Structure formats: structure tokens, C-alpha cells
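Enquirer: Sequence:
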Amino acid sequence: MATSGDSASVPVPVPETYDTLFTATADGQRSYDSLRPTEAECTALLTHPFAQTVLGHDITTEGESIISSVTRGEKSFTSLISHNISSILAASTDLSRDRSRLIHLGHAALCAFLQANVTGPPLSFRAHEVVIPSTLRESPQTLRKVRDEVIRELSVNGEAVYKLTPNVELFAAAKAIFTNDRVVGDSNGEGALVGLTGRMRVNFLHQKMLNESADSLQGSIYDDVDAIGAIVLSDTPGQESNHDQLKERRAEKVRFMLERAVIHTHHGFDSKARADLLKAASTNGFEFALTGKLGRRTKFQDRDISQLVVLAKSASDGDEKDNVPDSKVDVEPKNLDLNDDTLLESIAFKKDEGEDGFKQVSVQDQSSLPASLAKLDAANQPRLNPLDSIMLLSLASAITNTSPEDGLTREETIPYAIRVLEGGSSNWQVYSQALLVRSRIEGYRSRTVERSVLQLQALVDQVIADTASDTPTTASEADTAAVEQPTTFLPRPEASESAPAAERLEYLWLLNFSTRWHLESELAQRWVSLGALRTALDIYERLQMWAEAALCYAATDREETAKMIVRKQLYERTKPATSADEDHNDTFEGPELSPLPSDAPRLFCILGDIDHDAAMYERAWVVSNKRYARAQRSLARLYMQEKPPNFIKAEQAYKLSLTVTRLNHATWFALGCIQIELEKWEEAIDSFTRTVQLEETDAEAWSNLAVALLNAPPRSTPVINDIPRAKALDDEEEEEKKNENANVDGDKVDVYKQKRDALAALHRAARFKHTSHRIWDNILTVSSSIPPPSTPFRDVLLAQTRIIELRGDKDGEKCIDISILTALVRTLTTPREGSSISVKFDPSVIRTGSLHGRLLRLFDDHIIPLITHSPELWLLVAEIEKWRGRPSKALAAHEKAWRAAISSCSQGAYQMGEESKWNEIVTATETLVRKGYAVYGGMDKEIEDSSEQGEEGGELVAKDWRFKSRSAVRGILGKGKQFWDGNEGWVRLDDLLREVSGS
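The numbering used here puts the sequence shown at residues 4 to 1002.
Quick caveat, the hints were computed from the structure, so don't treat them as lab data.
Treat the numbers as computed from the prediction; the structure is a model and nothing was measured.
Don't take each hint at face value.
Simulated crosslink set (DSBU-like; lysine-lysine; CA at most 30 Å straight-line) [to be verified]:
| hint | residue 1 | residue 2 |
| --- | --- | --- |
| 1 | 892 | 962 |
| 2 | 658 | 211 |
| 3 | 892 | 813 |
| 4 | 899 | 813 |
| 5 | 566 | 646 |
| 6 | 920 | 843 |
| 7 | 211 | 166 |
| 8 | 275 | 78 |
| 9 | 772 | 683 |
| 10 | 566 | 683 |
| 11 | 899 | 978 |
| 12 | 646 | 683 |
| 13 | 282 | 772 |
| 14 | 772 | 658 |
| 15 | 256 | 275 |
| 16 | 578 | 166 |
| 17 | 978 | 962 |
| 18 | 566 | 578 |
| 19 | 148 | 571 |
| 20 | 772 | 813 |
| 21 | 282 | 256 |
The following label-pair restraints were derived from C-beta to C-beta distances [said to hold, decoys possible]:
| hint | residue 1 | residue 2 | range |
| --- | --- | --- | --- |
| 22 | 251 | 141 | 46 to 54 Å |
| 23 | 614 | 147 | 31 to 39 Å |
| 24 | 97 | 132 | 24 to 32 Å |
| 25 | 545 | 132 | 19 to 27 Å |
| 26 | 288 | 614 | 53 to 61 Å |
| 27 | 534 | 598 | 34 to 42 Å |
| 28 | 62 | 92 | 13 to 21 Å |
| 29 | 537 | 598 | 28 to 36 Å |
| 30 | 825 | 906 | 42 to 50 Å |
| 31 | 76 | 288 | 31 to 39 Å |
For every residue, glycine included, the Cβ atom is placed at its ideal position computed from N, Cα and C.
Using the sequences plus the hints, can you model the full thing?
Expert: See below:
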């Protein structure tokens, strides 16, 4: 099938051409993306006699009855098409041929709809005249009624599509065809591949047209994605006989992975999207790297600094059509200049000056760039294959989707869009998407926000101009005339300069495209963020997006105006109108309109938001036939705002919303938090389990799951089977694991199992939020709460190390949990019954991954440099040094502990007369003398620290330890004489003095 320029002058032999292609596909030529008809082919298909029969132009006796029902509003136009399809297939003498025709008709309708609403250029025919039977458009009111019913039928779970969707009958026809099971056939057969593709795409487009994703559509989309992937991505040998077939097979795999990545990104599965994109790059032989090169970003920089840049190079064997001449750039959408007085239009990279004149700084964790990328000139890189350009844009979208307002994320994503723009693209739609991605990223920076909004305005004007019909609108379309007759910010290109429809549609499904009304709505939101409220309202009012207009007013504290806009869409006038301009004086408190608009549930919820009225949320729930989940979520939030919060009602509301949208991650999280408040630990475990299954990277959910596990009664079944447990690093940890397992005897319940499950969940949380000291505090607490021999010592050591790294500079020694650390030191340095772990010090463990090596590094590298005023920590250091066989350092630590105690207690003991402080000084002095000087003074020094000789040539730690003891005690007695002469502490020190004096 042709996929290049349009040619309306030559008739297309539709049945033969398309049937032949479908038969080839059925025979085993697996090409899921083979149907990309040109506009001429779409026109020929839609006007073919077979299509006219499907669409109801050929009226039968039974058809007249259905058309009458459609006219009266009892049935929709879609039901008419579905009835005709069933009749055709039931009477078919060649089922394969008729299914082929239907599938190609569906693709033609879908492509025409996209051309009319996403890409342009304008359709050469009036869609309603081609698609809708004359009986259903005999008057403007009848046509409007048919379209309204189609819009209403496209609502899913209370979520409505845009009520003025242009040419919606094209989408309705495609939807009716592809959602007919008899048309698509067996999803496991290769012959249904193009049918599966059509159903996946029509459902995904339907999903994109809704305000919020619908679970039912998402499930159908992913069912088809999986079925298509099982065929397209399979590696069955012997199917490709030459190089060209291998290349086509590879390109098909790449296209499918890119399309699947777009679907993942839309549904918030960013990690899955990035995995597909990276695999697609590898399959396509595409090399790229986000790295750093010396350059200047502003006009006033006087030296080169490292600038982020994407170096990228397509495989050398790309298709010829993907490497078109540079003259093709002339038809690309207008790329607006920055025109800033500080920033340069593009980074001025420093020219390579050999090995010494240039240094690469890789943003990614890479030791070096591939040779093919290292030699690229960052300011003059080669043009990319369109598929490779799409990979870069999709990567930027997948990352931005996670955190669009994070500065570092924006700095990392914008080079991807710039690489596509500065290299140019051989495809009009790909280049347009690059401009859109850059505009979205630049909207958060003061220096680029002006170019961002003007570029978006230019893109919106371009899309409106290219999708508006060149033919006059009919009276039935009077309410959309403003949409169809646009003015443009930039001069509209001549027809000869504009890309044809086939080129624009060729890669559309691989891009995260937006419809024209969604783009305009995004532009209006951008104007609101800049304070241009009037401009935004003009857009909303022209598009008749009354919900958005109301939200715009409400955001600027004009809530009464917002309420009147919404009530006008839902209620009759309070009093009869005497003139056309009296709407603004009416309160619209009459009865509800009949029928209500398709987006009534959302409008009722907006009223509830403005007035904090639970009745409005309840009404939204009823109007949607209990399918609009947002109503119950809003109701739950309202209950949570009560004083005190009504947790029970909030829980019930969240549960009701989940009966509709069970894939809503935020709802499961909120429900779990409420259940923790209600101490429903078992239910909270289930809620947070669902949360992390939907979004594995949610650190808070993992942390809350751990809280629920710690408080719940023992469970006999695992929470999540794939929560990773820490792997043993050496024999000591293996032995600890054996002891841990030994605690479970037969059917005896392991009382620590849920603590270990909680610990595993906390490790997941720390993995995704590595800089949260609170999560590491929890890991420290939970791991230390499991008594020996089951204590996960490695987790205790790791957690305390990370806490010091994160909080040490701010909190100092206060970030150290002394009680836990004390228990840890004594457990690891003191023999315990039944343990085979040796506690004897071995110098070889200092820099190993063993428990003792980690313990020593914790003290040497983190704790000792942090100690300032804590006697307890110095005493712990003394224990460690004693275990290490370093008595002189142990004694030095005792002396520091004593000085720290004196320093912290002197004022209270000697000036304020606080007996508790005096007793602390007395205890510290006794510890220094009895456990410090008396124990270590007469011991031999460690060799590396010896500096004095004993009387017989031995090396003593402190041969004058008695003198030092007497001096310390006398000093304390002298200072405390005024307040404490004769009290219990004084007597203890006096006895200690006589003891060290030998009297």
C-alpha cells in the first residue's frame, strides 16, 4: 500500500488492494503496522459501496426502524453501525473478505479522524456527509442530536469526551468496527494482527480523549498490547530469508516497542516505558548518551563550563527515506528564536583541542563514551532516523511525566528535545512533537517561559489551521464555527510547503500526540500560569469548555462567577429570560436540565469543590450511575477535612471509588493511610500492597506497608512474594541466617517474620528514596528490634551509616542512636552462647565486607569524627579499642569520655548546685579511674603507638596511671568542695582517692 503523497486523481482499487494485503498478513506476513492509508485511500474506502452499506446509507426495512430510533434519540449512530456489521457478517459468503474490508474501513475512519483533529492537513471531504446517512442529517438539529448521542455514548465511568469533538462520527465508526469481536476475530491468530492493532489504537485514542483514564479501557488496551507483542516480538527462526526482511522485521519490533512505550507513559508506567525505549534503541542500533561538554550558555560567560548535551548517532544502515536531504527542513513547523538578552540561542560548545583541551563529564554512570559518540561534534551532529528521534522525545516525556517541576529533571530532559531540533528531522510530525516537548520543559524557567508559551501558541495555531476544514461549515456546525475559522500567530504556510497527510500520520502512534482541543486547553493553562486570565478564558469560552473556565475563575477567587457558569450547564433558569443578555443576572436555581450534559458528573463535582457540599458529590455519583469515581474520592477528601476527620466515612467513600477504578494508585494509598489511622492493619497491608503493585517506586507506600506489617497480627501467607531479602555477604551472615531459620520449628509461628517482611519493605522504600533519613531511622529501629541471634546486623550497620551521612553535618552526634549502637557493639564483640561467630579480633577484617569490618569502618570513618560532647560514645569507642587490642587508644577514649562529662556537667554541678550533674561527674571519674587507668595503665602498649619504655624495657600504656588517677580525683574534690563536701558522691570520691593512693 502507498504511504507517501496524496493522489486523489487516480481511483484506488479498494477491495482488491486491501483484501490482497490482508490475505498476505493472514498467511504469515506479520506486520502489525501495515495499514497506514493515504487521504486518497481513506476517501476511496469511506465512499465505497461496501462502506456505505456499513454506515447505513443503504436503508433496509429493518434499517429504517433503527434509523428512526436513532432520530428519536433512543439509540445511537454507533448502534446502527454495529447492527449493520452483524448483518453483513451473518449473511457473508466470504467471511475473511468481509472482515478484511471492515478492518480496512475502520483504519480509514480512524486515520481520517486523526487527520482532522491532530495532524492535518484539512480533509478534502465533509465527514458528516460521507459517514452519516442523509436521513440523520436532514436538519441541523437532527445532525446535532445524533452527534450529541455519540458523544454521550463515548462517556466511560462518568468521564466524558470533549462535547464539540469535530468529525466525531469518524471516530464512532472506527470504534464500532474495531470493538466488534467478530471483526477482529481470534486474538491468538496471526490473521487478526491488523485488527488487534486497530482495536488497541481506537481504545487508546478513546482513553486519551477522556479527562481521566478508565480501568475498562486500560484493561482492553493492555490485553491487545500483550497479544500483539507476543506475535511481533517473538523470535521464530526461519521467517526472514534475506537482509531486507531482517531489517523490516527489526523496524517492526522497534515501532511496536515505541508505541507500547507511549501507552505506558500515558498510564503512568514510566519505568516500563523507559525499559521499552532502551530496548528499542538497542534493537535499532541507536547510540546516544547524556553527557557533558565544555561550552557557554549565556552571552556574558567568559569561560567554558560543562554543559549537558545528548550525543546521538543513528545506525549507518538506516532507510533511505529516513535520511532525506537538508532541504526538507523548509517544510518543518516554525522553530521560534529565544531572543533573550542573556541566554544564547543554543549552547556554544568549545571546539575539541585534542586530549588535553577537552574533558568529557558523563552525567550517566559511564566510564567512557563509545568511540562512535566520542568523536561527534556536539554543535554539528548528524540527522537522526525518525524512529531514533522519537526515542529521544519519548525518553524526555517519560522522565518529565514523573517530576515535571523538578529542576534537575528538566535540565536532564531538555537536551533530548534540543538534539532532535538542532539536528532537524525528516518528518513533519516528529519535529512538531520536539517543539512541543521543548515548550513544556521551558515553561518552568523565567528566561525561557516567553519562548515556551509563544512556541506553544504557534503550534496550536498551526494545528488549528491545519485541521480546520477549507470548506464552509454548515448550519448544523454553527456552534463550532469559531473553532473551524481560526486566525494564526504566524503566517499560514502555502499548501506546497505543507507536509502531506501520509507523512504526518506515519509515526503518529509512536508519539505522545495531543488532539487540537487538548493542545488549546494546555495553552490556556499556560496563560493562566502567566497571569493572562482573560486570554485563557477566551480560549475556554470559544471551545465551550465550561468546566475549565469555571476552574479558572475559582482559582482567582471569583467563585460566584464560577458557580454561575457551572449551574448554567446543569439547571434551568430561575426566571424566564426577557432578553438574550440576562443570563448574567440569573442564578440558575431551577430544575435540572433534561437531558443533562455528558460531563454532568464532573460539573456537579466542581460545584461540590467550590461549596464544599457533599450533596453535589453524591449527585455526581448518582448521575453517573455510580460509575464516576472522582465523586467518591472528592467526598472522601471532604470527610477528611472535617474536625475531627471522619475516617470511617472517608474509608467507605474510597472503597466505593475503587469499585470503579481499581487501578488508581493514589486512591489505594489514601485508603491505606486511613486504615492505619483506624488501626485496620490487615486491610492496610492489602491496600499498600496494591499501591506498590501499581507503582513500585512509591517509597512512601513501601514505608507505610512496613508500618502496617509491624502492627498486624502474624500472617500465614506472604505479603508480596518478590520483596527482596538482603543477600548474605560472608560466612558470619550465613550463620546468622541459619540461626534465624532455626527459630521456626515445624508449624511454630516465626514471631519475627513480619518484622523481616517490614524490613524488606523499608529497604524497597530506601531504594527509591535513598536520601530520606526517616526511612533509614525506621530501618535502624526495626532491624535492631529483632533480638539475637536473628538480628540483621548488616541492616543495623548500614542504616546507622546512612543516617550519619544524611544528618551528620546538621545534627552531629545526635543522629547516632547510642542505645542501639551499644547493644550492637556488645553483641558483636562479646561471645554468646550457641553462636559460632568468632568475636576474636582479626586485623584482616578491617577493610572487608564482614560484620566486624563494617563495624570498625562505621566507628573509624563516621562516628569518631562526629563525637563532640557525648561521654557514652567515647566509652563505646573505648570498648571497640579494647577489643581491637589497642589499650592506649582505649585509655585515651576513657579520658575523652571523662572530659566530655566534666564539660557538660560543670556548670550545673559547681555553679547551680544540681546534684544529678554532680553525680554524673562522680560516676564519670570512677569509671575513668577503675575502668580506665586501673585497667589499661599497666598494660603493654600496642607496637605502633609505643613512645616510652618501662623500667624493664616493656612498653606501658601509662606507667604513671596512679598519679593521673589521684590528680583527676583531687581536682574534682577541690571543685566540688563548696557544694558537695560530705555528701554521698563526695564520700565515694574520697574513698577512691585513698584507694589509688594505697592508704
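Enquirer: Tell me the numbers of any earlier hints that the structure contravenes, in ascending order.
Expert: 6, 8, 10, 30, 31
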